[in-house]
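*Asks:* Sequence:
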Amino acid sequence: MESVVLSPDDHALVHVLRRDGRAPFSALAGALGVSEHTVARRYRRLRAAGAVRVVGVVDGVRLGRRSWTVRIRCTPEVAAPIAAALARRADTFWVYLLSGGTEIACNTQPVDPDELLIDKLPRSRGVLDVSAHELLSNSDSDAGVDLDDTDRRLLDVLARDGRAPYTRLASATGWSQSTVTRRMRYLERAGVLRYEVEVPAAALGQHAEARLWMSARPAALAPAVAALNTHTEVTFAAVTTGPTNIVAQVACPGPASLYRYLTERVAAVPGVDTLQTAPVLRTVKRFSVPA
1 MESVVLSPDD HALVHVLRRD GRAPFSALAG ALGVSEHTVA RRYRRLRAAG AVRVVGVVDG
61 VRLGRRSWTV RIRCTPEVAA PIAAALARRA DTFWVYLLSG GTEIACNTQP VDPDELLIDK
121 LPRSRGVLDV SAHELLSNSD SDAGVDLDDT DRRLLDVLAR DGRAPYTRLA SATGWSQSTV
181 TRRMRYLERA GVLRYEVEVP AAALGQHAEA RLWMSARPAA LAPAVAALNT HTEVTFAAVT
241 TGPTNIVAQV ACPGPASLYR YLTERVAAVP GVDTLQTAPV LRTVKRFSVP A
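Every letter in the sequence shown is one number past the one before it in the UniProt record's numbering, and letter 101, counting from 1, is 101.
A couple of the hints might just be wrong.
Cβ pair distances, simulated, as ranges [unchecked claim]:
no.: 1; residue 1: Tyr166; residue 2: Arg19; range: 19 to 29 Å
no.: 2; residue 1: Ala226; residue 2: Thr274; range: 13 to 23 Å
no.: 3; residue 1: Arg194; residue 2: Ser26; range: 15 to 25 Å
no.: 4; residue 1: Asp9; residue 2: Glu134; range: 26 to 36 Å
no.: 5; residue 1: Asp129; residue 2: Arg168; range: 36 to 46 Å
Since the hints were made in silico from the structure, they are not lab data.
Cβ atoms here follow ideal geometry from the backbone N, Cα and C, with glycine treated the same way.
Construct the entire structure; sequences and hints are all you get.
*Replies:* This is the structure in structure tokens:
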């Protein structure tokens with residue numbers, strides 16, 4: 001899967017899918033100037049290879065949930081099993097093995113605000129340290145939407161295949177196709193449901209990923225995160241609680257380009273005083289299901 005590298009035509013398909021992940025193949029074909037058959041064949045080939053996948057993503061913050069990033073230091077022999085256990089949880093995403101297999105990072109949005117992910121970690125002497133950092137923003141984003149069990153069945157199917165046909169979604173929920181369509185549109189408009197295109201970094205020619213933890217002065221926090229989010233190397237950056245107050249995920253073509261990124265672009269961000277870098281050994285889970 002990781003050996004697949006996208007061609008220019010593949011990149012064009014990813015670009016239009018990012019505008020509308022559920023667009024019919026006919027609409028994608030029109031945007032790309034090729035036949036519907038060609039687009040369908042290309043997408044199915046890439047999806048089967050694990051190079052491109054559209055997934056439905058639930059924004060837990062819009063449901064009133066709080067978002068956290070968790071950092072776990074451990075001995076190498078327990079890192080992979082713990083990362084796999086975290087990846088199986090429905091409330092985790094972006095689970096990484098870091099630092100040669102001695103560290104794990106993951107994001108989580110617990111359904112129950114009183115439930116702590118660290119309480120669910122496998123008990124092991126190999127776990128050396130755990131820290132949890134809440135992801136912060138200046139917006140109150142609760143959309144006031146309540147999900148029921150049928151919504152959860154719908155979202156579970158979309159988490160595995162964001163382009164699942166309405167017939168399959170109707171079968172999973174027991175709703176009619178028109179009811180499925182209306183409910184999806186409601187969740188989309190509320191910002192609860194969106195569609196993301198998952199592409200392994202290696203398929204984009206990026207072979208050096210890293211998780212960054214930074215500290216910035218309070219007055220520089222918002223400008224620093226805003227600056228980081230304009231960098232093409234950055235896939236995610238946010239303000240956090242904890243001894244460091246910025247977390248970011250970056251992807252570069254190779255170690256030399258990662259070095260230049262850290263020493264030139266990050267170094268030029270005003271207000272950033274400290275930097276910790278943990279190279280990604282393996283992505284265990286992306287948005288929804290284990291990689």
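*Asks:* All hints, please: hold or fail.
*Replies:* Consistency of the hints with the structure:
1. Tyr166 with Arg19: 19 to 29 Å: holds, 20 Å
2. Ala226 with Thr274: 13 to 23 Å: Given a distance of about 19 Å, which is inside 13 to 23 Å, the answer is holds.
3. Arg194 with Ser26: 15 to 25 Å: Cβ of Arg194 to Cβ of Ser26: about 22 Å, so the range 15 to 25 Å holds.
4. Asp9 with Glu134: 26 to 36 Å: For Glu134 against Asp9, whose Cβ atoms are near 42 Å apart, the range 26 to 36 Å is violated.
5. Asp129 with Arg168: 36 to 46 Å: Given about 43 Å between the Cβ atoms, the range holds.
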